[in-house]
Amino acid sequence: MADWVIELKDIRKVYRMGEVDVNALDGLTLRVQRGDIMAIMGPSGSGKSTLMNIIGCLDRPTAGSYRLDGKTVSELQDDALAEIRNRKVGFVFQSFNLLGRSTATANVELPLRYAGVNKGRRERAQEVLRLVGLEERMEHRPMELSGGQQQRVAIARALVNKPAIILADEPTGNLDSRSGAEILDLLLKLNSDRGVTLIIVTHDSNVAARAHRTIKLKDGCIEEDYVSDAKPA
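Our numbering puts the sequence shown at residues 8 to 240.
These are calculated hints, taken from the structure and not from any lab test.
Here are the simulated lysine-lysine pairs, PhoX-like style, with alpha carbons at most 20 angstroms apart:
{"id": "1", "residue 1": "169", "residue 2": "78"}
{"id": "2", "residue 1": "78", "residue 2": "16"}
{"id": "3", "residue 1": "126", "residue 2": "169"}
{"id": "4", "residue 1": "169", "residue 2": "95"}
For clarity, every value in this text was computed on a predicted model and none was experimentally measured.
With the hints as extra help, turn the sequences into a complete structure.
Have a look at this one:
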């Protein structure tokens, strides 16, 4: 029996724009297996950001049901969503979203602070910084790090609460080709070594080609859903 970490059924998201309703997602159904690597592609306005926001518990659907890691979350209120989001989801953004005046260690500690973790917080942060290859940069601030190193800090921050899934929104978009390849390799290694479910929004077909599965959105619906040659046997 499949172990589904994400189960979306008949998801609709409607935004009111003046007197017009805009269907950002239109009856979308999607399931993702634990430990999978999935790429999400599609043109601007196809629903990628809305889908990511719902998967990441940053927003609620207008209609439909969503189960995350076995728990129904589609009807939770903001405080409950925030708690689930902090414990179950790690975010990696194109723009890194690091605190400029804080060290790498302090940036990685943030999700632990929000979760009310006090004991061993610094040690846990430094453990994941070592995991992403930044043992020599733990006390450096973002301005003292390269773009690739900043993204490694962001990945460490996403990992520190041991989430069920990592959502990566164009994680290589602001990096040169070499740094981008290193970050993609790191994310894929975390998947293979730790079994982290990885969902990547990307416009880069080369990135999508390394996912196990790719879905392409159009007008709030899944237009294509296929398994890549990268899917292990």
